[in-house]
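All chains should be built: construct the whole structure from the sequences, respecting the hints.
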Amino acid sequence: MGPRVLVVFLMVLAGALSACGAPSQHPGVLRLPLGHLTEPPDPALGDTAEDLFVDSMLFSGLMKFGPDLHVIPDLAVSIPTISPDGRSYTFTIRHDARFADGTHVTAQDVAYSLQRALHLDSSAARFALGNIVGARAVERGAALLSGVRVIDDLSLRIRLATPDADFLQRLSLPPGLVVNPRAVGLRRLRSWTTAPAGAGPFRYVETHRGSIVLQPRSHGYEGVLALRSVVLVPGAADNLSLYKRGAVDAVQVPFSDTHDVSRPDFHQSPGLTGYYAESAGGNASPVEARVDRAALVAHTLLTPLSSIVPAAVPDYVGNTIEVASPDDPPVALFGGRRPPLSDLRSRLSHQFTTARTGSVRLRLVAFSSILPDPAAWLDRVPTRNAWYHWSLRRARGLTDDPVTRMSIYSALETWALQRALLVPLAESTQSYLIRSTVQGLQVTPLGLMPDNNGWASTAVT
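Straight run, no breaks: the sequence shown in this note's numbering ends on number 1810.
You may find that some hints are simply not true.
[Said to hold, decoys possible] Below are the SDA-like pairs computed for lysine to any residue, each with C-alpha atoms no more than 25 Å apart in a straight line:
hint, residue 1, residue 2
1, 1593, 1560
2, 1593, 1609
3, 1593, 1578
4, 1593, 1610
5, 1593, 1617
6, 1593, 1615
7, 1593, 1573
8, 1593, 1627
9, 1593, 1641
10, 1593, 1386
11, 1593, 1562
12, 1593, 1767
13, 1593, 1577
14, 1593, 1377
15, 1593, 1752
16, 1593, 1788
17, 1593, 1567
Simulated from the structure, these hints should not be mistaken for lab results. Since the model is a prediction, treat every value here as computed from it, not as a measurement.
So, in structure tokens, the structure goes:
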């Protein structure tokens, strides 16, 4: 289970959508809310989609996510060669790959960056890179990551302790990004002025009135960039107000806001958070049989969910189970000693008649993961069944048979849904307002991303 797989009580953000779509007065300059960041997110510590977005402007890795969440080559020439046992990955680095200071990226730099991330002993690095042979030893102070072998200046081989069909996805997360060891060393990044240590398309220029200014690097990486600069504007309590005032060119819309999907600046993608009812004792089948998901999500930016795995997870066809209405007693929703639940809990409560005895005890939970793989959600199913967990482990090791792998996941989801171990209710969406003057920027399940995850196509007119 990764550091960003969350189990939280549902919190609903309120507010009215009133942002306007006035054209930008700054052609060539893309202005975005900075969010919670006040210093450069060290890729070794990054574990959120926001970290990934900002990191990807300054740094590059062997692989990266495309807008459909499939991994695509970045510093690597192509998808790596995988050994028959599924444990060794051989990469070749592009000969034109350079850091922002103009020096070439080498296989030794990649090996150093992976070792550095683990040396900093972060949960994010452990989640992304912890299956590499020797990872635990580096966390304990070993000088070298034994599972990474440099073959020559542009080739290296990474050896895993166990086969992992998710490894390329994990390598695309922030801890897999490459830093220039001559600029960074083993210390944590503490200043935006260290941005030239990256191999991404932008470099840090200055901080002006709290805003972080990035500009295309002098040494080309993705061809000539149309943008003159990216300005990361300090976030506000209500970032929609920044958009309304014309201070930023794109902004995320809270899922609880009323919205007009017909407005031309509104853009949406399925998200990676699912909301569920989980039995706190007894059987949750009565909820599955009688829940009205459409009513639960009315006038919000959530969408109904009738599977455990969100629809945005690539290469997976989810299961939806129709459960016949049983003759069970009425359902009661209890908060117990938990904090009061939010709007979704209130809406669910109104759909059932409360009974004093014989009622089903439920709690609401949310599961989310930055790793877009079905196992991240199926691993949250509350069961101790040995067959279930053995099958999950087997599927994760099928690096050369994705069809069988997804079939196993599908069978596990069917099994869990039939038993109502989790009752899917709703899934998140990624909803943004993007000005019409912005081209080549799209909304994905991981938030904003340039087309094909390449900044050369992004422009502001």
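Structure-inconsistent hints, enumerated in ascending order = 7, 8, 9, 12, 15, 17
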